[in-house]
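Protein chains: 4
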Amino acid sequence: MIDVQNTPDTREIPLQKVGVKNLHYPVTVLDKTNGRQHTTATVSLFVNLPHHYKGTHMSRFVEIFHRRHDDLGMKQFLAMLEEIRQSLDAEKAFGCMEFPFYMEKVAPVSGEKSIMNYTCTYEGEVSESEKQFFIKVAVPVTTVCPCSKAISEYGAHNQRGVVTVKLQNTSLFWIEDIIELIEASASNGLYSILKRPDEKFVTEHAFDNPRFVEDVVREVCIALKNFDKCEKPFTWFSVECENFESIHNHNAYAMTVK
Amino acid sequence: MIDVQNTPDTREIPLQKVGVKNLHYPVTVLDKTNGRQHTTATVSLFVNLPHHYKGTHMSRFVEIFHRRHDDLGMKQFLAMLEEIRQSLDAEKAFGCMEFPFYMEKVAPVSGEKSIMNYTCTYEGEVSESEKQFFIKVAVPVTTVCPCSKAISEYGAHNQRGVVTVKLQNTSLFWIEDIIELIEASASNGLYSILKRPDEKFVTEHAFDNPRFVEDVVREVCIALKNFDKCEKPFTWFSVECENFESIHNHNAYAMTVK
Amino acid sequence: MIDVQNTPDTREIPLQKVGVKNLHYPVTVLDKTNGRQHTTATVSLFVNLPHHYKGTHMSRFVEIFHRRHDDLGMKQFLAMLEEIRQSLDAEKAFGCMEFPFYMEKVAPVSGEKSIMNYTCTYEGEVSESEKQFFIKVAVPVTTVCPCSKAISEYGAHNQRGVVTVKLQNTSLFWIEDIIELIEASASNGLYSILKRPDEKFVTEHAFDNPRFVEDVVREVCIALKNFDKCEKPFTWFSVECENFESIHNHNAYAMTVK
Amino acid sequence: MIDVQNTPDTREIPLQKVGVKNLHYPVTVLDKTNGRQHTTATVSLFVNLPHHYKGTHMSRFVEIFHRRHDDLGMKQFLAMLEEIRQSLDAEKAFGCMEFPFYMEKVAPVSGEKSIMNYTCTYEGEVSESEKQFFIKVAVPVTTVCPCSKAISEYGAHNQRGVVTVKLQNTSLFWIEDIIELIEASASNGLYSILKRPDEKFVTEHAFDNPRFVEDVVREVCIALKNFDKCEKPFTWFSVECENFESIHNHNAYAMTVK
Chain C
67 MIDVQNTPDT
77 REIPLQKVGV
87 KNLHYPVTVL
97 DKTNGRQHTT
107 ATVSLFVNLP
117 HHYKGTHMSR
127 FVEIFHRRHD
137 DLGMKQFLAM
147 LEEIRQSLDA
157 EKAFGCMEFP
167 FYMEKVAPVS
177 GEKSIMNYTC
187 TYEGEVSESE
197 KQFFIKVAVP
207 VTTVCPCSKA
217 ISEYGAHNQR
227 GVVTVKLQNT
237 SLFWIEDIIE
247 LIEASASNGL
257 YSILKRPDEK
267 FVTEHAFDNP
277 RFVEDVVREV
287 CIALKNFDKC
297 EKPFTWFSVE
307 CENFESIHNH
317 NAYAMTVK
Chain P
67 MIDVQNTPDT
77 REIPLQKVGV
87 KNLHYPVTVL
97 DKTNGRQHTT
107 ATVSLFVNLP
117 HHYKGTHMSR
127 FVEIFHRRHD
137 DLGMKQFLAM
147 LEEIRQSLDA
157 EKAFGCMEFP
167 FYMEKVAPVS
177 GEKSIMNYTC
187 TYEGEVSESE
197 KQFFIKVAVP
207 VTTVCPCSKA
217 ISEYGAHNQR
227 GVVTVKLQNT
237 SLFWIEDIIE
247 LIEASASNGL
257 YSILKRPDEK
267 FVTEHAFDNP
277 RFVEDVVREV
287 CIALKNFDKC
297 EKPFTWFSVE
307 CENFESIHNH
317 NAYAMTVK
Chain B
67 MIDVQNTPDT
77 REIPLQKVGV
87 KNLHYPVTVL
97 DKTNGRQHTT
107 ATVSLFVNLP
117 HHYKGTHMSR
127 FVEIFHRRHD
137 DLGMKQFLAM
147 LEEIRQSLDA
157 EKAFGCMEFP
167 FYMEKVAPVS
177 GEKSIMNYTC
187 TYEGEVSESE
197 KQFFIKVAVP
207 VTTVCPCSKA
217 ISEYGAHNQR
227 GVVTVKLQNT
237 SLFWIEDIIE
247 LIEASASNGL
257 YSILKRPDEK
267 FVTEHAFDNP
277 RFVEDVVREV
287 CIALKNFDKC
297 EKPFTWFSVE
307 CENFESIHNH
317 NAYAMTVK
Chain W
67 MIDVQNTPDT
77 REIPLQKVGV
87 KNLHYPVTVL
97 DKTNGRQHTT
107 ATVSLFVNLP
117 HHYKGTHMSR
127 FVEIFHRRHD
137 DLGMKQFLAM
147 LEEIRQSLDA
157 EKAFGCMEFP
167 FYMEKVAPVS
177 GEKSIMNYTC
187 TYEGEVSESE
197 KQFFIKVAVP
207 VTTVCPCSKA
217 ISEYGAHNQR
227 GVVTVKLQNT
237 SLFWIEDIIE
247 LIEASASNGL
257 YSILKRPDEK
267 FVTEHAFDNP
277 RFVEDVVREV
287 CIALKNFDKC
297 EKPFTWFSVE
307 CENFESIHNH
317 NAYAMTVK
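For the protein sequence lines, the chains are C, P, B and W, in the order given.
Every position in the first sequence, counted from 1, becomes a number in our numbering once 66 is added.
Every position in the second sequence, counted from 1, becomes a number in our numbering once 66 is added.
Every position in the third sequence, counted from 1, becomes a number in our numbering once 66 is added.
Every position in the fourth sequence, counted from 1, becomes a number in our numbering once 66 is added.
Mixed in with the good hints there might be a few duds.
Simulated DEER-style distance windows between Cβ atoms [claimed, not checked]:
id : chain 1 : residue 1 : chain 2 : residue 2 : range
1  : P       : Asn100    : C       : Gly139    : 56 to 62 Å
2  : B       : Asn292    : P       : Ala216    : 58 to 64 Å
3  : C       : Lys98     : B       : Gln234    : 38 to 44 Å
4  : B       : Lys291    : C       : Glu164    : 36 to 42 Å
5  : C       : Lys324    : B       : Asn72     : 46 to 52 Å
6  : C       : Glu164    : B       : Arg102    : 22 to 28 Å
7  : P       : Thr236    : W       : Lys179    : 31 to 37 Å
8  : W       : Lys179    : P       : Gly101    : 25 to 31 Å
9  : W       : Asp69     : P       : Gly101    : 36 to 42 Å
10 : B       : His118    : C       : Lys98     : 46 to 52 Å
11 : B       : Val172    : P       : Leu238    : 56 to 62 Å
12 : W       : Asp243    : B       : Thr99     : 53 to 59 Å
13 : C       : His118    : B       : Gln234    : 54 to 60 Å
14 : P       : Lys158    : B       : Glu219    : 36 to 42 Å
With a straight-line cut-off of 25 Å between C-alpha atoms, the simulated SDA-like cross-links for lysine to any residue are [stated by the list, open to error]:
id : chain 1 : residue 1 : chain 2 : residue 2
15 : W       : Lys179    : P       : Gln71
16 : B       : Lys232    : B       : Pro166
17 : B       : Lys232    : P       : Glu194
18 : W       : Lys98     : P       : His104
Read the hints as simulated data drawn from the structure, not as lab findings.
Backbone N, C-alpha and C fix where the C-beta goes; we use that ideal spot for every residue, glycine too.
Work out the full structure: start from the sequences and follow the hints.
Pasting the structure below:
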């Protein structure tokens with residue numbers, strides 16, 4: 067049976083990335099409390115394609131991912147990319163895997179337990195000489211507007227916002243520790259269950275800690291620089307905060323890159 | 067050239083709806099202030115299909131919509147559906163058209179003008195004997211939580227919410243009047259531009275008017291029953307409110323149907 | 067601490083539904099092959115609210131769901147709704163839970179195994195006297211256009227489509243059996259891994275089985291009426307097919323209700 | 067009234083971008099045939115924020131955009147960003163504006179006219195010394211799989227795909243010319259209306275021109291290098307193609323950067 071993809075190509079245009087996008091798969095990742103966590107992922111997998119090949123073999127990406135989907139900690143994710151790279155005889159392989167990450171939260175006064183979801187994304191790139199790994203974590207938070215609080219006789223507009231951190235790391239750390247760091251940098255973290263004493267607590271706590279998007283980004287930056295639950299400091303990171311303003315139908319946004 | 071769609075079908079299964087979905091088109095609708103408003107729509111158009119036909123002729127839906135896209139007030143929308151019904155020799159035709167509707171707002175203290183967007187949807191159904199028209203308007207608002215305000219020593223959690231009203235009407239009315247009615251029923255309406263004196267005003271005004279999702283729905287219901295800017299009262303309506311809670315990552319919701 | 071929600075309300079407007087929407091949780095559902103399947107869900111939970119209460123207690127929905135999220139077969143889902151109904155002293159409780167459902171598929175020639183995802187939704191409503199349960203399954207398929215095949219000298223446009231079935235059932239059945247029934251009614255089912263001999267097979271098989279959206283809906287209808295892997299026949303169902311046409315930027319659609 | 071944003075900040079963290087996201091506004095852009103085109107946009111506007119300022123003044127972004135929303139050709143978009151930069155006394159201003167762009171198409175045999183939509187995005191960055199402008203155009207196309215055609219006795223799987231080109235340009239060109247270039251590089255362009263003789267034509271034409279995602283990207287690259295409807299060649303571009311595979315539930319993807 068003819069292998070069209072293997073046909074020589076004379077157009078002399080190398081491609082940075084070819085592969086599969088939007089593959090939906092169940093996956094297992096690491097969990098600080100329980101060891102392993104079952105979740106569901108949306109996955110993209112690519113290699114580079116030299117100019118002289120007509121096409122890549124798309125089924126191999128999924129075959130390799132299929133064999134490894136049940137054990138995808140950060141290290142295993144990079145090993146999976148390396149296997150793709152070698153199988154397709156490419157210089158580079160790239161991958162991206164987005165998944166909801168679940169974490170049990172304890173309500174601040176009642177102690178009621180519930181589960182919160184945070185959107186995480188692994189991003190990796192491997193070549194023969196180099197491996198790069200990034201992790202992105204999006205954490206929803208409460209933000210109280212410092213300007214609204216300062217100028218109003220009572221009250222202050224507040225809203226749900228989302229803080230997104232992207233980290234480059236060379237040693238292992240726990241996603242849970244990053245989530246806690248981010249929630250502590252906003253006016254408040256969010257919970258799936260709050261009883262009335264909890265609601266009183268979070269309302270007053272947030273009002274006592276007003277934060278612009280600019281403030282949240284800066285506080286997260288400082289906390290990431292001081293983060294000591296990782297063997298080595300992060301070599302690179304970016305921090306974003308986007309507020310779903312309660313007084314506007316558009317969002318406020320701030321971003322910085324280390 | 068053979069017309070496969072016209073082939074007889076022996077499976078004896080009539081279809082309630084066949085047609086096109088997710089057609090994107092520029093459209094022109096009516097505007098209380100400026101007469102006409104240019105906007106962009108996502109459109110679905112269907113007819114019923116008797117059991118003895120294999121298929122419908124999909125291109126005719128778009129041909130008729132194309133001829134009429136530049137003049138789509140409520141009446142013209144129903145006339146367009148009737149033309150589809152007759153052209154396809156069907157008992158019934160259905161249509162749905164969602165579009166952002168823009169309205170100029172004036173900031174409450176500074177008087178600054180800006181434009182707000184509201185998602186509107188026309189829904190129509192026509193047969194030889196009957197015409198039904200519904201309009202849905204989704205209005206983003208501010209809601210301050212009455213419980214949080216009552217139990218906390220200071221502050222109150224608040225957030226962006228969205229109120230969605232669906233109305234059946236037999237006489238014309240202005241979308242703008244429905245938007246104003248809804249904004250007046252929430253803790254506050256939203257604005258694209260607010261200067262600091264406006265921000266002080268809306269913060270305090272919202273704090274003075276706390277509303278649960280349940281309250282917003284009930285206030286909108288009362289206002290719709292008393293609405294006098296339409297020749298005839300609405301024969302049917304539903305009201306929903308969904309709050310993007312600033313203390314949770316899930317939403318609070320209430321709904322009622324007249 | 068004051069309970070504002072319990073305050074009497076004098077507006078005399080009962081609400082059909084109040085509760086929580088867009089709650090994200092890990093869940094465990096039943097699986098024909100493995101007994102249980104871990105997946106992730108988006109959940110809405112409501113009760114009705116009589117006119118004389120100001121509000122409902124939103125945290126209780128999540129408390130009850132939290133206790134039961136790890137065992138949510140169809141029966142357990144209804145039991146969970148009944149517990150919510152009683153806990154909130156309501157006449158009715160409603161719930162909706164959408165989740166990706168994963169199923170292993172075997173490629174038709176090479177026999178390679180891979181996992182496909184299907185979007186499923188449970189919908190339930192319980193009152194003291196009645197329980198209703200619906201399940202919705204969305205199955206992506208291939209459809210080859212019969213008209214294009216008939217009028218062209220070679221080739222035929224084809225595309226990905228999605229068939230959505232909603233079933234009311236009173237006895238248990240397997241989601242996997244519904245998926246197989248739907249895939250057999252289209253030009254072809256989809257796979258996450260196809261090697262070249264598989265690709266040849268599915269291309270020719272689909273070309274041999276051209277289907278309009280109208281055909282797919284009718285074939286699924288017939289198969290559901292003849293479905294014998296369920297103790298009792300379905301009391302109600304609807305079938306939709308939407309094709310992401312490869313020659314248009316809009317979709318073709320057909321729907322019927324039993 | 068206190069200006070909290072103007073308060074000095076001692077955390078010594080400059081922010082790359084602060085501003086507004088997800089602002090929805092009606093806009094007017096240029097149109098090759100009609101001079102001007104009314105459409106609707108989603109807009110983000112940012113400036114950098116030096117480390118010594120606590121916050122930016124979010125309302126000014128919207129004030130400036132509001133004054134200019136009705137005349138937003140490429141040049142005017144950059145002028146708008148420059149006005150924001152100066153008004154907020156910033157070193158840099160950034161903006162991003164996504165909108166559906168509509169273009170009349172003529173069916174290849176019947177000559178029937180209809181309107182197609184293409185998603186366009188302006189991206190600009192201005193500083194005192196430099197102005198950069200990028201435009202992104204996403205064009206839905208048909209792609210027939212060369213492998214499936216070569217290995218199958220009849221038929222070939224095909225599907226809707228989307229080609230996204232991002233161009234940096236220093237002289238004006240027409241979006242319409244880029245769309246035509248892209249459609250000519252795929253197996254076929256799409257149409258909102260095709261009568262049966264047109265459907266025969268596009269089916270056969272696509273079958274005669276099979277293209278992998280890799281092929282489409284390379285053909286578009288070659289065409290962009292040879293593009294002569296612009297005063298100066300593009301200084302930079304990227305080309306992506308993503309196929310919504312009709313035999314998989316995931317997508318095939320290829321990308322290159324000049």
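Going through the hints against the structure:
Between asparagine 100 (chain P) and glycine 139 (chain C) the beta carbon distance is about 59 Å. The supplied range of 56 to 62 Å therefore holds. Taking the beta carbon of each, asparagine 292 (chain B) and alanine 216 (chain P) are about 59 Å apart, inside 58 to 64 Å as hinted. Under the hint 38 to 44 Å, the C-beta atoms of lysine 98 (chain C) and glutamine 234 (chain B), about 43 Å apart, fit the expected range. A beta carbon spacing of about 40 Å between lysine 291 (chain B) and glutamate 164 (chain C) agrees with the range 36 to 42 Å that was offered as a hint.
A beta carbon spacing of about 50 Å between lysine 324 (chain C) and asparagine 72 (chain B) agrees with the range 46 to 52 Å that was offered as a hint. A hinted range of 22 to 28 Å for the beta carbons of glutamate 164 (chain C) and arginine 102 (chain B) is consistent with their spacing of about 24 Å. The beta-carbon spacing between threonine 236 (chain P) and lysine 179 (chain W), approximately 35 Å, falls within the hinted interval of 31 to 37 Å. Checking the proposed 25 to 31 Å range against lysine 179 (chain W) and glycine 101 (chain P) shows it holds: the Cβ atoms sit about 26 Å from each other.
Under the hint 36 to 42 Å, the C-beta atoms of aspartate 69 (chain W) and glycine 101 (chain P), about 41 Å apart, fit the expected range. A hinted range of 46 to 52 Å for the beta carbons of histidine 118 (chain B) and lysine 98 (chain C) is consistent with their spacing of about 47 Å. As the Cβ distance of valine 172 (chain B) to leucine 238 (chain P) is approximately 59 Å, the hint placing it in 56 to 62 Å holds. As the Cβ distance of aspartate 243 (chain W) to threonine 99 (chain B) is approximately 54 Å, the hint placing it in 53 to 59 Å holds.
At roughly 58 Å, the beta-carbon separation of histidine 118 (chain C) and glutamine 234 (chain B) lies within the given 54 to 60 Å, and the hint holds. Checked against the hint of 36 to 42 Å, the pair lysine 158 (chain P) and glutamate 219 (chain B) passes, with Cβ atoms roughly 37 Å apart. Between lysine 179 (chain W) and glutamine 71 (chain P), the direct Cα distance comes to roughly 23 Å. Compliance with the 25 Å bound is thereby established for this hinted pair. For the suggested pair lysine 232 (chain B) and proline 166 (chain B), the alpha carbons sit about 15 Å apart, so the restraint of at most 25 Å is met.
For a cut-off of 25 Å, the pair hint linking lysine 232 (chain B) to glutamate 194 (chain P) is broken: about 30 Å separates their Cα positions. For a cut-off of 25 Å, the pair hint linking lysine 98 (chain W) to histidine 104 (chain P) stands: about 19 Å separates their Cα positions.
Violated hint for the displayed structure: number 17, the only one.
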